[in-house]
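Novice: Okay, here's what each chain looks like letter by letter:
Protein chains: 2
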Amino acid sequence: MTPKEARRRFASARLAHLATSDAHNRPHVVPVVFAVEADTVYSAVDHKPKRTTQLRRLANIAENPAVALLVDYYDDDDWDRLWWARAEGTGRLVVPGSEEHRLALSRLKSRYVAYQDQPPTGSVVAVDVGRWSGWSASANPAGNEL
Amino acid sequence: MTPKEARRRFASARLAHLATSDAHNRPHVVPVVFAVEADTVYSAVDHKPKRTTQLRRLANIAENPAVALLVDYYDDDDWDRLWWARAEGTGRLVVPGSEEHRLALSRLKSRYVAYQDQPPTGSVVAVDVGRWSGWSASANPAGNEL
Numbered sequence: 314m315t316p317k318e319a320r321r322r323f324a325s326a327r328l329a330h331l332a333t334s335d336a337h338n339r340p341h342v343v344p345v346v347f348a349v350e351a352d353t354v355y356s357a358v359d360h361k362p363k364r365t366t367q368l369r370r371l372a373n374i375a376e377n378p379a380v381a382l383l384v385d386y387y388d389d390d391d392w393d394r395l396w397w398a399r400a401e402g403t404g405r406l407v408v409p410g411s412e413e414h415r416l417a418l419s420r421l422k423s424r425y426v427a428y429q430d431q432p433p434t435g436s437v438v439a440v441d442v443g444r445w446s447g448w449s450a451s452a453n454p455a456g457n458e459l
Numbered sequence: 314m315t316p317k318e319a320r321r322r323f324a325s326a327r328l329a330h331l332a333t334s335d336a337h338n339r340p341h342v343v344p345v346v347f348a349v350e351a352d353t354v355y356s357a358v359d360h361k362p363k364r365t366t367q368l369r370r371l372a373n374i375a376e377n378p379a380v381a382l383l384v385d386y387y388d389d390d391d392w393d394r395l396w397w398a399r400a401e402g403t404g405r406l407v408v409p410g411s412e413e414h415r416l417a418l419s420r421l422k423s424r425y426v427a428y429q430d431q432p433p434t435g436s437v438v439a440v441d442v443g444r445w446s447g448w449s450a451s452a453n454p455a456g457n458e459l
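These protein sequence lines are chains A and B, in that order. Note that this note's numbering has the first sequence beginning at 314, numbered continuously upward. Note that this note's numbering has the second sequence beginning at 314, numbered continuously upward.
Treat the hints as calculated values from the structure; they're not laboratory data. A couple of the hints might just be wrong.
A short, non-exhaustive set of chain A residues, derived as facing chain B with CB atoms under 8 Å [claimed, not checked]:
(1) 333
(2) 338
(3) 341
(4) 403
(5) 407
(6) 416
(7) 420
Coverage of chain B stretches by chain A, computed from C-beta distances (three or more under 8 Å per stretch; other residues unrestricted) [as the list claims (entries may be wrong)]:
(8) 323–330
(9) 341–350
(10) 376–383
Chain B side only, calculated, beta carbon under 7 Å to chain A, not exhaustive [claimed, not checked]:
(11) 333
(12) 334
(13) 338
(14) 392
(15) 427
(16) 428
(17) 430
For glycine and all other residues, C-beta sits at the position ideal for the given N, C-alpha and C.
When you get a sec, could you build the whole thing from the sequences and use the hints?
Specialist: Following this line, the structure appears as structure tokens:
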């Protein structure tokens with residue numbers, strides 16, 4: 314799958330998985346809703362601001378900004394339809410009040426109805442993507458990358 | 314969510330996400346089908362054996378056995394139904410020919426019809442889970458952990 318196609322599929326998905334790793338090299342993974350703007354992936358942290366520093370994804374990114382995000386399609390009945398798209402990059406925190414924070418929230422609210430009713434108020438995680446990649450079973454019939 | 318309930322929900326899911334991290338602290342995440350036996354999570358590598366050493370998840374586990382696995386439920390229309398369950402533990406490789414490899418394949422084939430038609434022939438990743446944890450939106454209405 315070309316980087317362009319991987320980015321396209323990634324950007325149109327509803328849910329991604331964000332992998333981080335702390336200073337002691339312990340990996341962590343959480344589901345995130347997100348929005349892609351150019352080569353940056355935004356996801357919100359829905360906690361009250363005072364609690365956000367306790368979230369492991371944020372502590373991990375502060376210790377080690379290398380992150381990976383994955384979007385994938387699974388179908389129990391037809392493994393020939395499986396695919397995934399991955400974004401590897403550098404994570405950083407976008408704090409409320411900045412122009413970028415307003416942009417990110419605007420994109421997230423336009424994608425998710427639940428955010429329109431109850432907008433997130435805390436920081437946003439921005440991932441600046443250095444590499445888009447992907448795989449699909451139909452394009453690689455010899456092997457199942459799962 | 315209690316560890317017991319997290320393990321129960323995890324074990325009954327169809328797809329998990331496996332996060333690993335290499336020696337340089339770069340996280341990685343892949344979707345995996347799996348089977349839980351006691352406190353070990355098994356997932357197969359569907360490549361030909363000679364290619365398995367090139368897979369990043371295997372290279373990462375060899376460099377750094379700390380792994381995290383996540384199972385989650387997402388519903389665009391009702392975020393009050395979201396939940397996730399996490400397994401944190403130590404990864405290792407189970408090679409073909411061993412009793413444990415036969416057990417793992419047997420469990421995987423009984424869970425996934427696609428594996429009955431085309432059983433995996435390569436190594437199996439075993440994760441010995443040290444901690445089960447979980448979260449559900451309905452039990453935590455004040456905050457959305459996404």
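Novice: Let me make sure I understand: some of the numbered hints might not hold for this structure. Which ones are they, in numerical order?
Specialist: 4, 5, 6, 7, 16 and 17
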